[in-house]
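These protein sequence lines are chains A and B, in that order.
Residues in the first sequence are numbered from 1 upward in steps of one, following the numbering used here.
Residues in the second sequence are numbered from 1 upward in steps of one, following the numbering used here.
Heads up, some of the hints might be wrong.
[As the list claims (entries may be wrong)] In silico EDC-like cross-links for lysine to aspartate or glutamate, where the CA-CA straight-line distance does not exceed 20 angstroms: (1) B/141 x B/130; (2) A/19 x B/183; (3) B/18 x B/2; (4) B/175 x B/206; (5) B/18 x A/274; (6) B/289 x B/268; (7) A/272 x A/99; (8) B/124 x B/206; (9) B/141 x A/274; (10) A/18 x B/130; (11) B/185 x B/302; (12) B/141 x B/183; (13) B/213 x B/98; (14) A/273 x A/46; (15) B/20 x A/99.
Don't read these hints as lab results, they were simulated from the structure.
On a predicted model such as this, the values are computed, not experimentally measured, just so you know.
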Amino acid sequence: MMQIAGLIRETFLEAISKKVMIGFFVISSLVLIGLALYFFSSSASDTIAHLQPTPDDPNGVALRELVYSVEMGIGGAFFYAAIFFSIFVAANTIPSIMERGTIDLLLSKPLSRTKLLLGKILGGFVVAAVNIVFFILASWIIISAATGIWNVGYLLSLAPALLGFISLYSVLVFIGVTTQSSALGMIVCYLLASVISGLLFSREEFLFPLITSETWRSVISFFYYILPQMADLNQMSSDMIQNRTIEHMYPVVNASGFAAVFFALSILVFRKKEF
Amino acid sequence: MEQTIRIENLSKTYSLGKDKTVTALQPLTMSIGSGEVFGLLGPNGAGKTTLVKLLLGITSPTSGGAYVLGDAIPSVRARRFVGFLPENHRYPAHLSGEQTLLFYGNLSGMSGASLRSRIELLLKRVSLYDRRKQRVREYSKGMLQRLGLAQALLNSPRVLFLDEPTDGIDPLGRKEIRDLLLEEKNAGTTIFLNSHLLSEVELVTDRVVIMNKGAVLRAGTTRELTESHGVYTIAYAEGSPVPDAVPGLLSADPVRRTLDVSVATPADLNALIDMLRSRSVLIASIVPKRSSLEDLFLSLVDQQ
Chain A
1 MMQIAGLIRE TFLEAISKKV MIGFFVISSL VLIGLALYFF SSSASDTIAH LQPTPDDPNG
61 VALRELVYSV EMGIGGAFFY AAIFFSIFVA ANTIPSIMER GTIDLLLSKP LSRTKLLLGK
121 ILGGFVVAAV NIVFFILASW IIISAATGIW NVGYLLSLAP ALLGFISLYS VLVFIGVTTQ
181 SSALGMIVCY LLASVISGLL FSREEFLFPL ITSETWRSVI SFFYYILPQM ADLNQMSSDM
241 IQNRTIEHMY PVVNASGFAA VFFALSILVF RKKEF
Chain B
1 MEQTIRIENL SKTYSLGKDK TVTALQPLTM SIGSGEVFGL LGPNGAGKTT LVKLLLGITS
61 PTSGGAYVLG DAIPSVRARR FVGFLPENHR YPAHLSGEQT LLFYGNLSGM SGASLRSRIE
121 LLLKRVSLYD RRKQRVREYS KGMLQRLGLA QALLNSPRVL FLDEPTDGID PLGRKEIRDL
181 LLEEKNAGTT IFLNSHLLSE VELVTDRVVI MNKGAVLRAG TTRELTESHG VYTIAYAEGS
241 PVPDAVPGLL SADPVRRTLD VSVATPADLN ALIDMLRSRS VLIASIVPKR SSLEDLFLSL
301 VDQQ
């Protein structure tokens, strides 16, 4: 346990030293300050006061809808921003330990290769999670304190964002272990998160009209089901914020399975790798 | 003597792509005893670092095997008692010297007050205590090397693998490191030393292996390797007649009043001494002539 804790701590200090994490923290804090200034301003207070439960609206639906809309806006924008930023911060976690002179020393310590890689993976995850959780938690407290609507769904929307990051992070780790390239890992992850995921999500609208072959349509659908479904996870996040019923859990299963496979492959490669 | 490291037909061949291979280490069998300072010499590409990497489980053997502290390699358990200073080591640049030792101490399974006090002790021992809060990226090569040595000693190892420990260190620092190694040796630590600095190796090692192109060229104690069998330096006193027509004479130095002679047997040496004395040569000393490790190393590598 001490060894894993040491690896997480070192990864965290590395992220801080690179200033990117601090940059994100500063930007997040500025957004949060802006949010707080707005929500506790007199004009927002007047609006909130007007939307309080009335005999015509005993459950305060109007206020609740306003809160959901704001949280949807923040959560929706934050989902991709957080994932993109987290990939950027975590990109060098694995390649940095694979350098000659670093890896020799790490492998000479009394811990297995599996434990060493898991420690670094956890370190990268903690770095990303701290930022994501900080922003969502702080914005939740500000909005809830100002409006009196404590929407737990907004907090729960953290889960799809973290899961989305984990699934892409597993690709980053795998590419890091096999090629020692952080740039390649970032490119692949950004493509997966934006272009590929977006196209596959809306395949029936954009791709299928261009493709007549059923075989190719099946191939595209196959990739939709095996690759991380970022757009679906984002949709799930929105549904959670609005306290809607989650229609299907496949994106969770898909992201978890995808991450498990890539982490397992990374460990297998790392255990056999010659240095 | 108890064996700390036992190597049995250990070899390593790297693949360089399609049908191309390079033999980094030819089958090697040897053992290193407890408390021994063992020197591994050889030019770049001799296989020295490959051997250390194999013993530490950093790379896997092509054939054969080895035992470190009784455990077959690779062994996580054995590594608890091993310290390693790699060549061209890179420490996390964002950490301070103290944080670096804390990190590697944690990886060695150490924590708490015992680790803190060990770090303080070692930082003082390698003269880095006053610079402990400074970032590693600001350290000089010599400071990094001393930090590396402190890192290797963190877990009070029973076996110490040092790859070029005096690289980049000034003569004074080298002397400090040599003293530190001798302290460790006296404490019973087995030391496995890779170095290009042959004079350094000669000063601290008990036994030496000279390697080139993955093969052992010569092995033995430092004394055995540097001894020139049957060659003696005879010094004669001032005012003594200068000897001439000496059988087996290799060279004469009239200024230092010495003769280098080669004899086949101790009886021949005694006959030679009798002859010199019969010519009224006053003998001051007779010393078996030794070559340096460097001479031996260069001649062996040249022969290849």
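Structure versus earlier hints - violations, ascending order: Failing hints, ascending: 2, 3, 8, 9, 10, 11, 12, 13, 14 and 15.
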